[in-house]
Amino acid sequence: MYVLRQIHRALKPRGLLLDVHPLGDEFPVLAGERGIGFVDTRKFRDILEAMNECVEQTVAEGFFEALRELRRHVVERFDNATEALEEADGWENLRLPAAVRRRLQETDSTPIEFIDTVRYRLLRKRSTSGRPPRSRGAAGHDRATHYQAPSQGF
Amino acid sequence: MPAIIDPDGVEIVTIEELVDLRDLCIVEIGCGDGRLTFECGREAASVFAFDSDEDAIRKARAETPNALRRRIRFEVADAAELELPKGEFDLALFSWSL
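These protein sequences, in sequence, are chains D and X.
Going letter by letter, the first sequence gives residues 1 to 154 in this note's numbering.
Going letter by letter, the second sequence gives residues 1001 to 1098 in this note's numbering.
It is possible that part of the hints are untrue.
For lysine-lysine, the following DSBU-like pairs were computed, each having C-alpha atoms within a straight-line distance of at most 35 Å [unchecked claim]:
| # | chain 1 | residue 1 | chain 2 | residue 2 |
| --- | --- | --- | --- | --- |
| 1 | D | 12 | X | 1059 |
| 2 | X | 1086 | D | 12 |
| 3 | X | 1059 | D | 43 |
| 4 | X | 1086 | X | 1059 |
If you want a taste of the chain D side facing chain X, the calculated C-beta under 8 Å gives, among others [as the list claims (entries may be wrong)]:
| # | residue |
| --- | --- |
| 5 | 17 |
| 6 | 45 |
| 7 | 75 |
Everything labelled a hint here was simulated from the structure, so no lab data went into it.
All C-beta atoms, glycine included, are put in the ideal place defined by N, C-alpha and C.
One chain only, chain X, in its complex shape (with noise of 0.2 Å):
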């Protein structure tokens, strides 16, 4: 069985204790297999997520919760290399990426 990366759910709780998710626009770099960007997307009002990491999108992709299809949007990108649309988020997530 696969390591379960924070199972007493530190993380959601911290951010959310920063920032209130509700309806914002988020970007994330680094999202890797989308373990934060689930979080995130079920208060938000969208987010692009992305990570240059071929295989963690596609599981990504795969495990996206039905609910939260709509919302989450996750892509094979390099940072150093993609053009983000100018003024577009609320919240850009830098999550163990940066």
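Chain D on its own, in the form it takes in the complex (with noise of 0.2 Å):
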């Protein structure tokens, strides 16, 4: 909360911030293009809850409105599964499965890609007085949008 706050410090009026990380969902493994498992993200889902509630309560304290959010994926490619599985070992709060690992050390295909679910989550900075700012007008979700800071004169 303490670094949202101190963002919101820095932002100039109406600034915006983009908050983009992984999801945490689905997260597959492929070999060669072919699925051989997913990695398991329970804990670092856990830790992604308590910091969206971070942000969502910037938002209803008024420090920030949300103004739009997108998913992608995201491929993590290796040459091979050596270099895959030493990526692996040096995850925190992730996990390969028992099955994943053992396919891994098996195969020979290649690449090896770990493909996540990014969000890109918009926020724009709201006045320490709780006032919303002028509305520029509706956005549809399905056009693409440019928002531009005060700076280039919107």
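Given two chains presented individually in distinct reference frames, assemble the corresponding complex, making use of the accompanying hints.
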């Protein structure tokens, strides 16, 4: 919460906050384009939940308003299974289930890919008086929308 | 060879779909090795990027493209302890770090 309030203070009026983070949803592992299982993200999701509560609290308290959100698949690609396993061995809040680990150890297929779902959440600073900024009109969820910060005179 | 994160360039396309980065003053919290910083820095007026990982910042500084060196500043800092200047930035980017 301290960091978010610091960021609020550091932003210009109506400045933007873009929060980019993996969701910990389905997190498949591919070997040569064939699915061999999923990463265990349960512990990571607990951390995410705590983090989301902080963001939601800043919205509820009037520091930020939520503008738009997108989700995309982002790939982490390895030349071979050995490198992918080395990466997984360094994880703190993610885990390769034993069956997936075994399939990776046995495969010769390349490349190896971990496919994460990433959320891109755009918020805008509100004045601490809690008054909402002037509306720029409705933005449809299906339309690509560019939000320009006040310094660009929108 | 280290892993390639986002080989298809999805992240910067998605960010640009949400925000016009041109000429923005950006602060990036948790920049790591600068992967997204360099992408954002191409269009931005300036990027102040920090991370508590000294090795990552060292790598980011070393790999900053020459054309972006005047626009991007990397610092080792902990978000919980850093005091940012008031009202300075158009965009705060938390990249996998909030």
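Evaluated hints:
1. 12(D) x 1059(X): Status holds; Cα separation ~30 Å.
2. 1086(X) x 12(D): holds, 8 Å
3. 1059(X) x 43(D): This hinted pair holds, its Cα atoms lying about 29 Å apart.
4. 1086(X) x 1059(X): Between residue 1086(X) and residue 1059(X) the Cα gap is close to 29 Å, so the pair holds against 35 Å.
5. 17: holds, 5 Å
6. 45: Where the cut-off is 8 Å and the nearest Cβ of chain X is about 15 Å from residue 45(D), the hint is violated.
7. 75: holds, 6 Å
Checked against the numbered hints listed earlier, the structure breaks hint 6 alone; every other hint is satisfied.
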